[in-house]
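Chemist: One line per chain: the protein sequences are A and B, in this order.
Using our numbering, the final residue of the first sequence is 361, and nothing's skipped along the way.
Using our numbering, the final residue of the second sequence is 361, and nothing's skipped along the way.
Bear in mind the hints are in silico, worked out from the structure with no lab data behind them.
These numbers come from a predicted model, not from an experiment.
One or more hints might be untrue.
[As the list claims (entries may be wrong)] Here are some of the chain A residues that sit facing chain B, going by a computed Cβ distance under 8 angstroms: (1) M119; (2) S122; (3) D123; (4) N138; (5) D145; (6) P194; (7) P196.
The C-beta atom is built at its ideal place from N, Cα and C for all residues, glycine as well.
What follows is the residue order along each chain.
There are 2 protein chains.
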Amino acid sequence: MLTLSESRKLIEQEISHNPLLQVRPPNRLYEPLKYILELGGKRLRPSMVLLACNLFAENYIQALPAALAIEVFHNFTLIHDDIMDRSDLRRGNPTVHKKWDGNVAILAGDAMAILSYQLLAQTQSTRYSEILHSFNKLAIEVCEGQQFDMDFENLQEVPLPDYLRMIELKTSVLIAGSLKIGAIIGDASPNDADRLYEFGRNIGLAFQIQDDYLDVFGDPKHFQKVLGGDIAANKKTFLTIQALEKAQGKDATELKQWLSLNPANPEEKIRRVTEILRDLGIDQLARAAQEAYYEQAFEAFNELNLPSERKSVLKDFAVDLLKRNH
Amino acid sequence: MLTLSESRKLIEQEISHNPLLQVRPPNRLYEPLKYILELGGKRLRPSMVLLACNLFAENYIQALPAALAIEVFHNFTLIHDDIMDRSDLRRGNPTVHKKWDGNVAILAGDAMAILSYQLLAQTQSTRYSEILHSFNKLAIEVCEGQQFDMDFENLQEVPLPDYLRMIELKTSVLIAGSLKIGAIIGDASPNDADRLYEFGRNIGLAFQIQDDYLDVFGDPKHFQKVLGGDIAANKKTFLTIQALEKAQGKDATELKQWLSLNPANPEEKIRRVTEILRDLGIDQLARAAQEAYYEQAFEAFNELNLPSERKSVLKDFAVDLLKRNH
């Protein structure tokens, strides 16, 4: 059985050596690709492709092109998201549009989207049309998620179901689709492939809600960013959306006021909003929601028609993912 | 046999009715797609897919999804090119990034790139992997062409072979690939599909050189833009590159000087550069180069293993294309 660390190593090797991922003329088109891929990251998504394949087949190498396709696609969306969000830094380094310029970032992203299809097309499988269908579906859904996210910035209030659908599209479908594509390459039954998709979808939702939670209630010793960044930026998150729905009277008024202000020094704002969130029990609510998605994820996972020892790597991976407190 | 006007009508109908091309939530993602597709255009590229298919098979309807894929892909590149070129107008209407904003234009373009793959995937063919390969190849090459074009803006001099390679990538491979994909869907022999690719590649080169020619020497009665726009903008074209290579002495000095200036009123510049181009015989050179590509195109076309009456629609189309004087 392939382990997570072996999987990461394999992916790093491929990133270093796959001819489609090397710099070639026109260099300014391919240098940003190399640059962002080598900024690191945990290679979680491509690893999910490999590990899911290995659940059903000894030969996980056959899933390597699809794993790279997922990683390149993911990084394409990061480059374009960074332009749209006007982010200067990505993993502590200048974003592509900062290091080069906006035009380079647009076009390099476009090329990476196409390269992801070129990589995917290297997959040898009698079920290629299913694989392509899953890839197309997750790809368009990620774009839809990003558009909903941008739309929400201009709304006063976002209903919780809309928020959950947005994070599902923006985050979960890529994890879910990675697992499903890996499963199909490993020739899983359609039912098992769908169970893994459900597993990934729920893990993704749990993960994003955890992200929202940790931004406010994370352990400052382990949290790499300043706590309360989402509050300072008036970002709609699971916590603020729930709080605005639950709060009444004075709390509601104060919360709405804070979340429409942009004080130069946001410390007081973060402190007060965090207090209100805690008073309203939003921290507990978030933990409970995360737990519920987590349980649904493992319900789907447990239905997989496989011996439990085969499932342990992927299971441990998911447990680890959601154990982090930073 | 399908005619060009029937082909255009079919494509317009599909653009109006294909569910993948209709506005749906998130609306701001799909409205720009609808908008740019309905700005019109001659639907030359998707028509080439249909006409090429119909050379080899009665059932040209089977090529409709691929034809739409080509049209959507082409329009995706237009949206992103317009951002990169800072163009305000496209076919007399505001460009997507002007009508909405840059973020909408980036993301709508991304979605269209993915949609083009979704449309292509609807093609029913036992030779789908060949079709996908051709599509992937033209798609990445179009990006490479755009990058070379941007790179050339910052160069003092561009060698003619580099310029020709750039226009091949940026313009010709889409025409060539459209024809080849149509041919494969019609189940053409690999050799016939390659002949059509060569035909399209050379037609594309002839077309682009004609474009460069008409910008300076077009008939002002028919030319919709002001003559000399490329000269005013110091754009590298077949004409200016050839002129800078041929010019000597006083002409060379004057030409270089004009092509480094940006006068507020460019009339004198356009008049003098046009005169120098004519003195150097660049107009004749461009005509000869266009003619040579044209002949190579028809050499490839004539090798197609088909009765000449089948070939007449596509042939007439190409002849028409290169007869325009505006």
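Chemist: All hints are to be evaluated individually against the structure, with a verdict given for each.
Modeler: Quick rundown of the hints versus the structure:
Satisfaction of the interface hint for M119(A) is found here, the shortest Cβ-Cβ separation to chain B being roughly 4 angstroms, below the 8 angstroms cut-off. The closest approach between the C-beta of S122(A) and any C-beta of chain B is roughly 13 angstroms, which is over the 8 angstroms cut-off, so the hint fails. Because the closest C-beta pair between D123(A) and chain B is about 16 angstroms apart, greater than 8 angstroms, the hint is violated. Here the hint on N138(A) is kept, as its CB sits about 4 angstroms from the closest CB of chain B, short of 8 angstroms.
A hinted interface residue such as D145(A) counts as satisfied when its beta carbon comes closer than 8 angstroms to some beta carbon of chain B; here the least separation is about 5 angstroms, so the hint holds. The interface hint given for P194(A) is violated, since its Cβ lies 14 angstroms from the closest Cβ of chain B, which is over the 8 angstroms cut-off. A least Cβ separation of about 13 angstroms between P196(A) and chain B goes past the 8 angstroms threshold, and the interface hint is therefore violated.
The structure fails to meet hints 2, 3, 6, 7 from the earlier list, while all remaining hints are met.
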